[in-house]
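Mapping of the sequence shown onto my numbering: position 42 corresponds to residue 42, and the numbering continues sequentially without gaps.
Hints are computed from structural coordinates only; laboratory data are not their basis. Model, not experiment: these values are computed from the prediction. Do not rely on the hints blindly, as some may be mistaken.
To be verified - Using 27 Å as the maximum straight-line C-alpha spacing, the simulated DSSO-like pairs for lysine-lysine come out as follows:
id, residue 1, residue 2
1, Lys-46, Lys-69
2, Lys-125, Lys-71
3, Lys-115, Lys-69
4, Lys-46, Lys-71
5, Lys-69, Lys-2
6, Lys-71, Lys-95
7, Lys-71, Lys-115
8, Lys-34, Lys-2
9, Lys-115, Lys-22
10, Lys-71, Lys-22
11, Lys-34, Lys-115
12, Lys-34, Lys-46
13, Lys-2, Lys-71
14, Lys-95, Lys-22
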Amino acid sequence: MKISELLDPAAIVADLHGAGKKEVLAELTDALLKTGANLSRDEVLKVLMERERLGSTGIGEGVAIPHGKLKDLDHLLISFGLSRGGVDFDSMDGKPAHLFFLLVAPEESVGVHLKTLARISKLLKGPTVRERLQSAVDSADIHRIISEEEEHL
């Protein structure tokens, strides 16, 4: 399973405007809804904020992977956002997050959810891919970079 295949280009925000965690989560949720996903915006945001209260999904190195599980969802959904200025996401290293992958998974899916989180972490581990994504010009460029970098995993 490839991230580039799960990530609908319509769910990529090349220039996030949110200055805080809630605003960024709202933008990333709205990006998911643009793909035609039949979700309740309020329910998605509630699940994401509940997960953030357990501990920040800001994993450091400018990366955050907010995620949550929803009942009545039959497949994994992903959105991506780039914040050029960075957002304080309570990351482990104390640095602002610039690259965001949002995952929403079916409530009963454990394996796919964890495998996708691990694959995203692996993809963003190296500084080169993070630099390439941060300098991307638009959503098509972001999708292309993710596809190219996934070939090296």
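Quick rundown of the hints versus the structure:
no.	hint	verdict
1	Lys-46 with Lys-69	11 Å, holds
2	Lys-125 with Lys-71	31 Å, violated
3	Lys-115 with Lys-69	14 Å, holds
4	Lys-46 with Lys-71	13 Å, holds
5	Lys-69 with Lys-2	20 Å, holds
6	Lys-71 with Lys-95	33 Å, violated
7	Lys-71 with Lys-115	19 Å, holds
8	Lys-34 with Lys-2	21 Å, holds
9	Lys-115 with Lys-22	26 Å, holds
10	Lys-71 with Lys-22	22 Å, holds
11	Lys-34 with Lys-115	25 Å, holds
12	Lys-34 with Lys-46	19 Å, holds
13	Lys-2 with Lys-71	23 Å, holds
14	Lys-95 with Lys-22	17 Å, holds
The structure does not agree with the numbered hints 2, 6 stated previously, though it agrees with the rest.
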